[in-house]
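Protein chains: 6
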Amino acid sequence: MSGLTHFDGQGHAHMVDVSGKAVTDRLAVAEGWVRMRAETLDLITEGRAKKGDVLSVSRLAGIMGAKKTAELIPLCHPLPITKVALDLTADPSRPGIRVEASVKTSGQTGVEMEALTAVAVACLTVYDMVKAVEKGMVIEDVRLLLKDGGKSGRYEAAG
Amino acid sequence: MSGLTHFDGQGHAHMVDVSGKAVTDRLAVAEGWVRMRAETLDLITEGRAKKGDVLSVSRLAGIMGAKKTAELIPLCHPLPITKVALDLTADPSRPGIRVEASVKTSGQTGVEMEALTAVAVACLTVYDMVKAVEKGMVIEDVRLLLKDGGKSGRYEAAG
Amino acid sequence: MSGLTHFDGQGHAHMVDVSGKAVTDRLAVAEGWVRMRAETLDLITEGRAKKGDVLSVSRLAGIMGAKKTAELIPLCHPLPITKVALDLTADPSRPGIRVEASVKTSGQTGVEMEALTAVAVACLTVYDMVKAVEKGMVIEDVRLLLKDGGKSGRYEAAG
Amino acid sequence: MSGLTHFDGQGHAHMVDVSGKAVTDRLAVAEGWVRMRAETLDLITEGRAKKGDVLSVSRLAGIMGAKKTAELIPLCHPLPITKVALDLTADPSRPGIRVEASVKTSGQTGVEMEALTAVAVACLTVYDMVKAVEKGMVIEDVRLLLKDGGKSGRYEAAG
Amino acid sequence: MSGLTHFDGQGHAHMVDVSGKAVTDRLAVAEGWVRMRAETLDLITEGRAKKGDVLSVSRLAGIMGAKKTAELIPLCHPLPITKVALDLTADPSRPGIRVEASVKTSGQTGVEMEALTAVAVACLTVYDMVKAVEKGMVIEDVRLLLKDGGKSGRYEAAG
Amino acid sequence: MSGLTHFDGQGHAHMVDVSGKAVTDRLAVAEGWVRMRAETLDLITEGRAKKGDVLSVSRLAGIMGAKKTAELIPLCHPLPITKVALDLTADPSRPGIRVEASVKTSGQTGVEMEALTAVAVACLTVYDMVKAVEKGMVIEDVRLLLKDGGKSGRYEAAG
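Residue numbers (numbering that gives the first Met the number 0), protein chains in the order written: chain B, 0 to 158; chain Y, 0 to 158; chain D, 0 to 158; chain G, 0 to 158; chain R, 0 to 158; chain E, 0 to 158.
Note that these hints are calculated values from the structure, not bench results.
All C-beta atoms in this analysis are idealised placements derived from N, C-alpha and C, irrespective of residue type, glycine included.
There is no bait here: all hints are sound.
These stretches of chain B come out as covered by chain G in the derived footprint (C-beta under 8 Å, 3 or more residues):
1) 53 to 63
2) 95 to 107
In silico negatives: residues of chain Y with every beta carbon more than 10 Å from chain B:
3) D16
4) V22
5) D24
6) K82
7) A89
8) P94
9) R97
10) E99
11) S105
12) Q107
Excised from the complex, chain B in its bound form (with noise of 0.2 Å):
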């Protein structure tokens, strides 16, 4: 199975010997988006006039999912996350929510997971709070944007 690295020689999955690799400082940058009706979006960004705040919360929670993702995902290596921002701002044209994700650290491996963990993360918690008004809401796009650090380099996502 060529160029799955999370199988070993016999196909089981194991958690990658990065121990040979050296601690260079990494950066990655993932985005997503929760598609609604306008009339939904509408009732969130009255919201971000008071003091009660969809995107505030779901930041929060992105943050914080980031944290989690050496437990979420299964052959995810834990590491010690040095910066994690994320920006979620309202379209109108989708119409719905764009979140922005970038995650740093300084570490043997990449943090390409904290920061798709992170858009997921607080892509579910916008849907948390909002399905009482609106159900069909959808999760999509969710995708690295960049990649930076380590023995494989830069990725950039196309378009």
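Chain B is fixed; fit chains Y, D, G, R and E onto it per the hints.
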């Protein structure tokens, strides 16, 4: 902010009081996709014939993820889940992996978030195990298919 | 060691058997304070008018902390919490932040520890977010205000 | 909101980027109290002579609590703690239990929150184990005594 | 794969649906041993007379471990445990430490795994605390002694 | 209590200060067994040919369990694990399942407990998945095979 039950009268986020709700049987079904290149999908489906198996690792991650829902989603109630099942199938037409999760409980609040979280964690795990081969995979169309039980009754996604 | 129910006849710590207790509705309310300088409090209250908000982050931390009570307190029973609400208010007279948490469940044991844990975690989070400005803040007067339900009945703190 | 480092330029909460900070040895010491009636304190200190021991259970809870800091405090960085020690002593003059925690790490950010969390969890555990006898106990004077290491240097509490 | 209830008709692992099962009182008792040299055992039993106590730390670890069972065992149902008690005794004849755990719940599935997990975690903790003195200790004979409640009825281990 | 490093001079449990230790590469290997009837073992090994697979679920549980070591074992240091691999094999001669775990880190303290915890959790998971067929299975001979790195140097189990 009418309709957004996770905020109190002052607009503060809180965990909704469900103590007055009846304990009823509740079911939720959610789905989602990891879209990838056809060659990547082939790598996964070949693996199924061997011992190492991307889909079975991801299925397990989804089951365990469902049990972590109340830890991940800030305003979610902890619930004694009575069933979690995930189905992961390769779909050459997208191409990609489709994930479906169904969750049951007997409680005072629904399990939509548990089903969606199971799907999201399984999708993230597929990504993690295959990312060495393709970083451009996209998690998409994560949505609730069905919800049953509780006062608000049955919900079925259109189409 | 009469009275200390968390020890058995031999003086060994154990998780008390509550299996014979009735399932009743239970409520607990606790409070606590973070005392700080007036200038520090001003910094927080000014922040409330903007998007970043010490109090809303701390409120959320308290809610999530309540769900972790049985993980933190060794002999505490895990409980399906049905409600958590926190109220954080600035009190210029102390000066400081007052935290009040109320927690409900329907179960065989009370939620005093959940309410107190919610208060403690919210206070610690206030400290964390403001410590760059003042390290000398003090968490104080964390106590149970009210407890209701269960065989031991109602308790209300004096004054 | 100058000074509040947990918010970015737009006032959004984030986990501060510490990736540029030097890895240095860091130490923090915190203290706190559980104030109670003299008779309740007697019950605890008598217990120390027997096998069941409120103080040793609470000490252990504090040590384990320190390891959960980054899970509890939303914007706290996960850290590889290298030492945790708690000292719990009965003080008949207050009367009550005094808790002191000292925590060390070698990292890019300090361990003040770990020390304070250890104290808070130990105090909550004392409360839990003794609450059947006295519900009116108060957790108080939880504060940082000492912090050393890192760019901001040494801090010592007054008095 | 008849008999292995954790697999569905297609051989996929899932969390068994217990939603149709009756809520009954359930009890499980398990035991296990840490075998060690007589001199090592002496060191532990001498310690019991002092304040530091290998057995009481391990007992507490077992109690807290029982509460983590559903997080550790992938297909285990989360359960509101109503009682956990551990008994650790020195047995000079083996020589070693015997651990016995009993766990109760009122639920739709049994607590065998909780009792076994409590025993395993307590044994691991004994090992951890004494390993500086003897690395050759062996955890052995971890087994279910008794199970009661539920449709499958009572089970008692032979001899 | 000479030799028991987890206690300080007063006999109080604490997490040993490793801040002065060198960061070195560390390896630990542990093993353990689940003894069962020959017919039960047959059921498991037949399953390996199908999609559902007791051994692969248990392997994954062991990997994830290794990451939870510092949460389970009270005085264990949190560690950034760099590798976890488990090998589960059927041994008709015992009869039973043999579990071997190897864990690596680059840190200030060893990974013996991580390797032993991985073995214990994998064994518990085997038990969980097969207990509907045989409740009398026994977890046995869980022990450290090898430890390398750190000041105390190499340890290899006899026989």
